[in-house]
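**Student:** Sequence order for the protein chains is C and R.
The letter at position 229 of the first sequence is residue 229 when you use our numbering, and the numbering goes up by one with no holes.
All you need for our numbering is the position in the second sequence, starting with 1, plus 343.
Hints listed in this document are in silico derivations from the structure and should not be mistaken for laboratory results.
It cannot be assumed that every hint is accurate.
Unchecked claim - In the DSBU-like style, the derived pairs of lysine-lysine whose C-alpha atoms are separated by at most 30 Å in a straight line are:
#1 LYS627(R) / LYS106(C)
#2 LYS261(C) / LYS307(C)
#3 LYS80(C) / LYS159(C)
#4 LYS106(C) / LYS81(C)
#5 LYS106(C) / LYS529(R)
#6 LYS529(R) / LYS627(R)
Letter by letter, the chains look like this.
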Amino acid sequence: MVIRKGEFFSLLGPSGCGKTTLLRIIAGFDDPDGGDVSLDGFSVLNFPPNERHVNTVFQNYALFPHLTVFENVAFPLRLKKTPNAAVRSRVGDYLELVQLSAHAEKMPAQLSGGQKQRVAVARALINEPNVLLLDEPLSALDAKLRQHMLIELDSIHDKIGITFIYVTHDQQEALSVSDRIAVMNAGQVLQIGTPHEIYESPATGFVAAFIGETNMLEGTVESVDGTMVAVSVPGLGRILVTEDEPPAPGSKASVVVRPEKIRIDTERPAPAKRMDINFLEGTVDEPIYSGSSTKYYVRHQSGTILKVIKQHSNWSDEGPEIEWKDRVYLSWSADDAYLLGAS
Amino acid sequence: MAPMAVRSHRSKGPGRVRNYGPAYAGPAGIWLTVFFVAPLLVIVAYSFLEKGLYGGVEPRFSLEAYRSLANSVFLRVSLNTLGISMVTTLLAILIALPCGYYMARSNHKTFLLMLVIIPFWTNFLIRIYAWIAILGNNGFLNALLLRAGWIASPVQFLYNQVAVTVVLVYTYLPYAILPLYSTIEKFDFSLLEAARDLGCTRRGAIFRVLLPNIRAGIITAVLFVFIPTFGAYAVPLLVGGKESYMLGNFVAEELTRTRNWPLASAISMVITLVTTLGLWLMFKLQGKAPQAKDPGRTTGERRAP
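Pulled out of the complex, with its shape left as it was, chain C reads as follows:
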């Protein structure tokens, strides 16, 4: 895995997938069973954590409770016996960067979660490391604050331009700020790519299911016509999907379609002029309203359940309200779905 200089790189995966272990190996707290960690082309494996130009923002912040905010941030400089005047100006700069200048003389116990988080960031940055490691830094904050801190982290990254390696299990966090993401599961890196690549063309079923919500329809490839693949899905019939590298007919494959790509109507839509639209009928099992959108679990007569998300966008597409037990018509374009080989 190569992480480029100045990149905002995320390690994303469910808890226990090894992403924190990987981070700890980079920081030097744990030793790898094999392999190497190199920074700027040089192996750092034989250096203890205090000699690597890497700093960490810990999940629980790990602020020193016996020191003020100022002294917490000044800690690395004090170790290097930096003169007092220089310490004061550098710490001042970094406290300003994280907007905590007013709280310099407080003790960590007097700070809110978000403030502690920012102290931890300032303290990790003051050494001017080549890489900043962030271990689920927002997991202890509430949802609103998390959004805010995420934007702030991103702007700090833009300002100082060093490499960030960000560990998270939250796909929204990873998608919104990362330049590239590595999706991990059970100690394996499954896919490395930009947020768009990861979301729109996941490499495996796990990645597809882990990043966002998805419908997976397993079946057998029936026929291939150019990039247009017809898959026979038991119960649902022929489903069309486009694929640049189509598999051979007869092989097992899954059609993957995101819930927001499916159109939901209460009346049978007019017959499409295009040939690449999939149609299905079903009844609404369960509508889940969540403000800006509603998620419907739609049951096909075969028993298959499809998730559909409808945005409440504006007046023009607001038809009659779809309710529980309503008969609905689903449609989506073959272009908006993709195919995963059996894995």
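Assemble chain R onto chain C, guided by the hints.
**Tutor:** Below, chain R without anything else, positioned relative to chain C:
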């Protein structure tokens, strides 16, 4: 407490709320008065009276006891006692710190705690005699050294300051280990990783992060060792010699042999005063410990590098 709370909510008139607080404090108050305050007052009173001819006191006010403290013997014994207590405390803390740290990070905490606590099940005097059996002229250690050929004749280990210090450290070590263990156990070890991450060496992390954060435990351990050691009596009596004579022995001598009860009381007062002074000093130190969440304290001046 609960019934009181209910009552005070229901009744509007202040006269109807009965405060049982003093009654609850009664048993403990009586116990403390009878067994602690009263004896202390008796000792204070005795120290200001004239000594009786055959022990006891005459009910006449006198400063004779305190006046007779002003001599070189008392001063020497006092300094000696202070020295032994301070060395014992220092050694006990130095041994207890790594022990407590290891216990707190071990996977066998209960087992290790038992090892510390089990000696309490044996009588204190018997444990001192065990040390005599180890360090004595015909004891285990001498036998071992003779057998190994490292010494030609038995070495006198007992009846000196070193023996007193060794046995005192042994006796009060658990009192240092237990409070240290309990504070280290609550310590967030990820702080040590953070310190390493920010450029600390292993040892630097211990001194800059661990020790300041377990200050309360260290202070408690110092008190728990220093106070009983300063009043030690049995240990210097059984394994000590002339040079390791301590204030506790002085008191016993005046009580039982010289029969100067006012003087014995006056020396006890000195011991009490010194230990109280120690307590007060430590509480002052503890007040500055990071556990204090007083915002006023945090706006102090910055520490110079």
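**Student:** Hints first: check each against the structure and report whether it holds.
**Tutor:** How the hints compare with the structure:
no.: 1; hint: LYS627(R) / LYS106(C); in the structure: 21 Å, holds
no.: 2; hint: LYS261(C) / LYS307(C); in the structure: 10 Å, holds
no.: 3; hint: LYS80(C) / LYS159(C); in the structure: 25 Å, holds
no.: 4; hint: LYS106(C) / LYS81(C); in the structure: 23 Å, holds
no.: 5; hint: LYS106(C) / LYS529(R); in the structure: 23 Å, holds
no.: 6; hint: LYS529(R) / LYS627(R); in the structure: 23 Å, holds
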